[in-house]
Structure formats: structure tokens, C-alpha cells
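Colleague: With chain Y's structure known, arrange chain G on it following the hints.
The listed protein sequences correspond, in order, to chains Y and G. Under the working numbering, the first residue of the first sequence is numbered 1281, with each subsequent residue one higher. Under the working numbering, the first residue of the second sequence is numbered 235, with each subsequent residue one higher.
Be careful, since some hints might not be right.
Listed below are several chain Y residues computed to face chain G (Cβ distance under 8 Å; list not exhaustive) [unchecked claim]:
id : residue
1  : 1302
2  : 1354
3  : 1363
4  : 1396
5  : 1484
6  : 1568
7  : 1570
With a Cα cut of at most 27 Å, we get these calculated DSS-like pairs of lysine-lysine [as the list claims (entries may be wrong)]:
id : chain 1 : residue 1 : chain 2 : residue 2
8  : G       : 308       : G       : 269
9  : Y       : 1660      : G       : 308
10 : Y       : 1595      : Y       : 1715
11 : Y       : 1544      : Y       : 1585
12 : Y       : 1301      : G       : 269
13 : G       : 368       : Y       : 1366
Using C-beta positions, here's what the derived DEER-type ranges look like [stated by the list, open to error]:
id : chain 1 : residue 1 : chain 2 : residue 2 : range
14 : G       : 287       : Y       : 1566      : 26 to 32 Å
15 : Y       : 1424      : G       : 310       : 47 to 53 Å
16 : Y       : 1334      : G       : 418       : 16 to 22 Å
17 : Y       : 1501      : G       : 310       : 54 to 60 Å
18 : Y       : 1508      : G       : 262       : 51 to 57 Å
19 : G       : 310       : Y       : 1566      : 43 to 49 Å
20 : G       : 287       : Y       : 1653      : 51 to 57 Å
21 : Y       : 1673      : G       : 310       : 30 to 36 Å
22 : G       : 369       : Y       : 1358      : 26 to 32 Å
23 : G       : 300       : Y       : 1299      : 37 to 43 Å
Note that these hints are calculated values from the structure, not bench results. For glycine and all other residues, C-beta sits at the position ideal for the given N, C-alpha and C.
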Amino acid sequence: MSDSPARSQKAQKVLERFAKKLNRQMVGSLLACVHCGMCTDACHYVLANPGDPTFAPAYKADQVRRIFKRHFDWTGRVFPWWVKAKSVYSDDDLEQLKDIIFGKCTNCRRCSINCPMGVDFATFNRMARGLLVSVGVMPEGVAVASKDQWELGNQMGVLREDYLETLDWVSEELRQELGDPNAGIPIDVMNCDVVYAINPREIKYDPRTIADAAKIFHLAGENWTMPSEGWDMTNFGLFSGDDDLGGAVARRLYDKVEELRGKKLVISECGHGYRSTRCEGQNWGGVDVDFEMESSVITMLCYIKEGRIRIDPFKNNKSYTYHDSCNNARSCGLFEEPRELLQIVCNDFREMYPNRAENYCCTGGGGAMSMSEYSAQRLKSAKIKADQLKATGAKVVVTSCHNCVDGLTDLIRYYKLGMEVMQLVNLVANAAIVKEKVTAALP
Amino acid sequence: MSGLLHFSEHTLQEAALIFMAIVYTLRLRWLLRFKAGRERQAPTGLPETSKARGIIYSWANIAMPWAMESTRTKVFVYVQFVVFHLGVAASIALSFIIPYVPKLLELSFFVRIFQIIIGTAFLVGILRIIRRVKSVYLRAISAPDDYFSLALLTSWFFLAFLSVPNSTAGGEWHLIAFFLLTAFFLIYVPFSKISHYLYYPFARYYFGKTMGHRGVYPIKHFPEIRR
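With the rest of the complex left out, here is chain Y (with noise of 0.2 Å):
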């Protein structure tokens, strides 16, 4: 970076909100670090390109901490060169930042439980990623979804249009397949118990899973809807640090809920979305909501021990490993529902290790699958994950995570590993007993 005292506007503005972002537990994690050097072999970059420090949490940290020192820090203000403290001064200083925040770290917070001193590497990170994006540098592809999200109201940039039509096909062949005319998906019905939330890639790339789930709903008779607006459950917010995006994001989909008075909110597989709605919505968005949320792993779960559905294991009949996503292990707490959901509907599960909380990443998280400018770095760091995949000797890996459907597929075409990659809703829909359809049955 350069030392030159003029400052570029965008620069300026940079440090002027630099100021704003900051907070207690923020500033707390921007002091504590040691440089112990601990975190640095939890990170899978690290780990994929062994002798390139450019690569350690800590170091990664350390392009955010400078700033801090120099502008915040009563030492780095005075002696800067003792505390290696550094402003930002140009627009090219700004960029060679965003190669370290966005291309380097994918936000999956390993480190920051690795941390001794409980540095929260991942939040400040997010908080630099959203200083960039105010002044308008980010990857191409993080600016495009999110101009999506903003204008269209999904980040896929899906229209209403193509949105309802792939539900009304969905339910068609769902009627079909079920042979019941009242089944399919209820559109905007007012007062239900379940207003179910999706990611824009199911309407896209993946319509199986709306289908899968439509189907757990239909046999577990739950009363439930779909919204014809503000249906997408992901934020890219969360990838893009922008508070703002991430609060109206949020806000639209419980307004939405609110509008039908939903009781509940259930989201779909995916790890970011389960985040950004369940767990840092309200908090971006500075509203408290009056209905439940839940991830649609705890509500198949629950209609599985309730009896309301019932479940033929030996219908899924390959050996199966489960992929954390970081956001529900590492940020939600979301890890043993899966596990015990995925024993009832396989008979062949193999544990990946390390696992839950520890898991690495898909490296396909923290909108890295949007920025086709670090393809090449994340795939080549993405051994780490083929090595753990390999290891568990199965055949399908299941995830409840979007993202990590196309983090996983990418990198076991990359590895040849032959890996088939699955959610849970597509086992438990495909192990769900149909009264006509009975084979077997679980006591």
C-alpha cells in the first residue's frame, strides 16, 4: 500500500465510516490479537498453500487492524512503524484490500474459534467487506446480485413472473406424482401455520427441492403457504457486509410474513439464509419480529418424531456423509438436528471429520461462488474439503446449505472425487412413506 499522505475520496470515506461500524465486541477483537499465531493452520487457505503467510487469519486481519491502529489506537497513532499500523491512502490501496477480504477469507469463522483470545476475525472482516462495498469496491459479481437483491427483491434477479410459474408446474407434477388433486403449493393463503421461504437457486437451478419439500408438507398435512412476494430467504448482506441491503432483505420477507399472519417462518436448506433471516436480520434490519422462525431441518425432524410423516430408510440406499455449513454450525448452532435427521432416513452414514462446529467450508461460502475472479485460489484451497470428503469413503454427501451444494459439486468436478452431493430434503422426501406407495415401514 502506498504511503503517499494524499487520500483518494473513496478512501476518506472509507475511514470516515470506518469510525461509525465500530463497536464494543468489535473493537475488543481489533485489540486482542497477540499474533500467536494460533488460528493460522484453521484456516483452509492456509492449509492448501502451506508457506504463503498472505494466506493466515491473522495476517488477513491484520490489512483491517492496521487501519484501526492508525486512525483509533493511541500507540499506532503515535508510532505507527512499532505496531506496523497503516492508513489506507489510495484507490489501489482499497482494491489490494478487497483481494484479501473477499478473495482470501471466506467469513467460515474457524479461526475465530481457534482464537485463544476470542478474536472474532470473521465479523471485522465482514464489517471491512461493507466499508468497501459503501464506496463501491467489491468483486463484479457481489455488486450484481446484490443490485438484484435491492431491485428485484432476490438475488438471483428472478421475476414474479418466473417465480410463480415454476411453482404452478411444480405443483402440477407434484399432483401427479401423488395422485391427489389437492396436492401442490398454496400461494399467499392468509393464517397459516407455515409460510415456507426459499432460496432463488431452487427456482433457478433447483425446482427438486421445492417439489421435495412441497411433498414433506403435503403428507404431514401441514397447513402452509408460500409467499408471491418477498420469498427469498437469502441475503447477500451477509457476503456483502452491507447492513443496509441486509436489514431491508430481512425486513421484506418478515413484513411478508407478518402481511399473511404466518405463525411460523420456515426456511429452507441453506446455510447463509438460515443466518441472515434467523439469526442477523432482526439485528441489521433494527426490528423484533412476533413469529417463530425455523430451519425446515427441525421442521421435517419434528414431523418425522410426531408421526405426521413416516419413513422407509432403505429407500436411500447409498452411504451418506453430512457437510456442515458454517453458518448454521458455526453461527447458529445448527449441527445435531441434521445428523439425527439423517440417521432416520439412511441406514449408511459416515461421519466426516472434524465435524459440527469445526468442520471447514465448503470454500463456496461468504459469496465466494459469485466471485468468478477468485475461482482458481478457491478450488486450489478447496483440497482441503476433497481430502475430508474422500476420507469418509461415501458416496453422497449431504448438506443443508445451498451454497454448499455448489461450493461441494464444483470442487468434486474439480478433485474427481464422484461424489454426488444431496440435501436433506431430497432424502427425507424420497424416504417419506405414501399411503399407496407403502414398502415398509418403521415401527
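Modeller: Here is chain G on its own, set in the frame of chain Y:
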């Protein structure tokens, strides 16, 4: 006891302690001026997790090497950490024992224990300096303050080791040097990385609170690593 040694043990230490207390108070005031973030959402995760449990777990984390992969898989580094910080605690204690309860140092058992702890901490300090210089990762993240603080602490351990018997038979220089360095520490620490212990409770408190509320802390499963 010479006038210089008496001054170093008492007046200088007391002045340095007052200075440190003032600076720390200002530092804490500054930190508390930042607004604490609030989590509006209902808790997630298993019922045995909560904000309070997360905070306690987070604080206790440092004493549970099995709780983090980073400490679980680097046992030797963790042991070094423990010894180093025991050495710090013993040396701080020594800086109070010598001027205020010197009788304790007439017990040879007590002296031996202190010398073992501080002497081992000194060796760990040397190892840590070597590690910081040798590791490409640590070099990349180290600032002059990191090297200086570590070298200073290691030197302090050395002087503390010599000062434990509180004997002036061979001269006072080691005691004077120990107390001069202690005073320098008290003044320098708030401006260096060594002040991390002031921020540690904050960083861990908020991280534990967040992770507890989100159902991650306390972690129940410590997965075997089969890499």
C-alpha cells in the same frame, strides 16, 4: 540496602503502578465508550447452550486445551503458553514479595519453586523468540512491538530468576535491574501488545455471549481429527 535499590523497590514501583492504573482506567473508559452490539433474535441451538453458559465457557476456554483444535493439536505450544504465563504471574508476585513480604523468600522451598517456574518461563521465552523469528507465518504478522515485548519479558524472567533469593551477597545490580525493568513494564505495557490481558476478558465475553446465544458454546463434541 542502597538508596537506589530502596527507591527502585518502593517509590519507583508505586509511581509506575499509579501511572499504569491511570492509563488503564482511561483505556477502559475509551473502550466502554463504544456501544455494545445487541442481538435481538431468539436463541438458537440446543437448550443446554445460552448466553451465560457461552460466556463462562469462553472465559474458561483457555484452561481447556481440548476445547479448541488449535490447542488440542499443538500440546507443546499450549504447555509453553501455560509455563510462560505462570512465569509472568510469579515474576509479578515477586515484585511485590521482595519489597513487602521478603520473609517468604527465606523459605528455601518457596525460592526453589519460584526459580523453577520463572527459569522454565525464561527458557520458554527463548523458544518463543526462536519460533517467532523462524516461522514464516509469525514473521509476517510480527511488528517491532511483538519482538520487543517478547525479548523484554524474557530478559525480565532472567532478572527475576536471579532476584528470587533476594540476596545482595554478590551485589545489588540484579535486584536493581529487575525493579527498573518492572517499572519500565508498568509504564510500557498499556501501550504494547502486553496489554492484551486487559482486552482478553472483553473479547472473550462478547464472543462467548454471541456463540452461547447462537447455540455453539459450550461445545459438546470434540471431534477426532483424522487428517
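Colleague: For every hint, state whether the structure bears it out.
Modeller: Going through the hints against the structure:
1. 1302: Because about 6 Å separates residue 1302 (chain Y) from the closest Cβ in chain G, which is inside the 8 Å limit, the hint holds.
2. 1354: Where the cut-off is 8 Å and the nearest Cβ of chain G is about 6 Å from residue 1354 (chain Y), the hint holds.
3. 1363: holds, 5 Å
4. 1396: holds, 6 Å
5. 1484: Hint on residue 1484 (chain Y): violated, closest Cβ of chain G at ~28 Å, above 8 Å.
6. 1568: holds, 6 Å
7. 1570: violated, 11 Å
8. G:308 <-> G:269: violated, 36 Å
9. Y:1660 <-> G:308: holds, 25 Å
10. Y:1595 <-> Y:1715: Cα-Cα ~15 Å, so holds.
11. Y:1544 <-> Y:1585: With a Cα-Cα distance of about 19 Å, the restraint between residue 1544 (chain Y) and residue 1585 (chain Y) holds, given a limit of 27 Å.
12. Y:1301 <-> G:269: Distance of about 10 Å is within 27 Å: holds.
13. G:368 <-> Y:1366: holds, 25 Å
14. G:287 <-> Y:1566: 26 to 32 Å: holds, 27 Å
15. Y:1424 <-> G:310: 47 to 53 Å: holds, 48 Å
16. Y:1334 <-> G:418: 16 to 22 Å: violated, 35 Å
17. Y:1501 <-> G:310: 54 to 60 Å: For residue 1501 (chain Y) and residue 310 (chain G) the Cβ distance comes to about 59 Å; the hint holds.
18. Y:1508 <-> G:262: 51 to 57 Å: holds, 53 Å
19. G:310 <-> Y:1566: 43 to 49 Å: holds, 48 Å
20. G:287 <-> Y:1653: 51 to 57 Å: violated, 42 Å
21. Y:1673 <-> G:310: 30 to 36 Å: For residue 310 (chain G) against residue 1673 (chain Y), whose Cβ atoms are near 32 Å apart, the range 30 to 36 Å holds.
22. G:369 <-> Y:1358: 26 to 32 Å: Because 29 Å falls inside the window, the suggested range holds.
23. G:300 <-> Y:1299: 37 to 43 Å: holds, 40 Å
Of the numbered hints given earlier, the model fails hints 5, 7, 8, 16, 20; all others are met.
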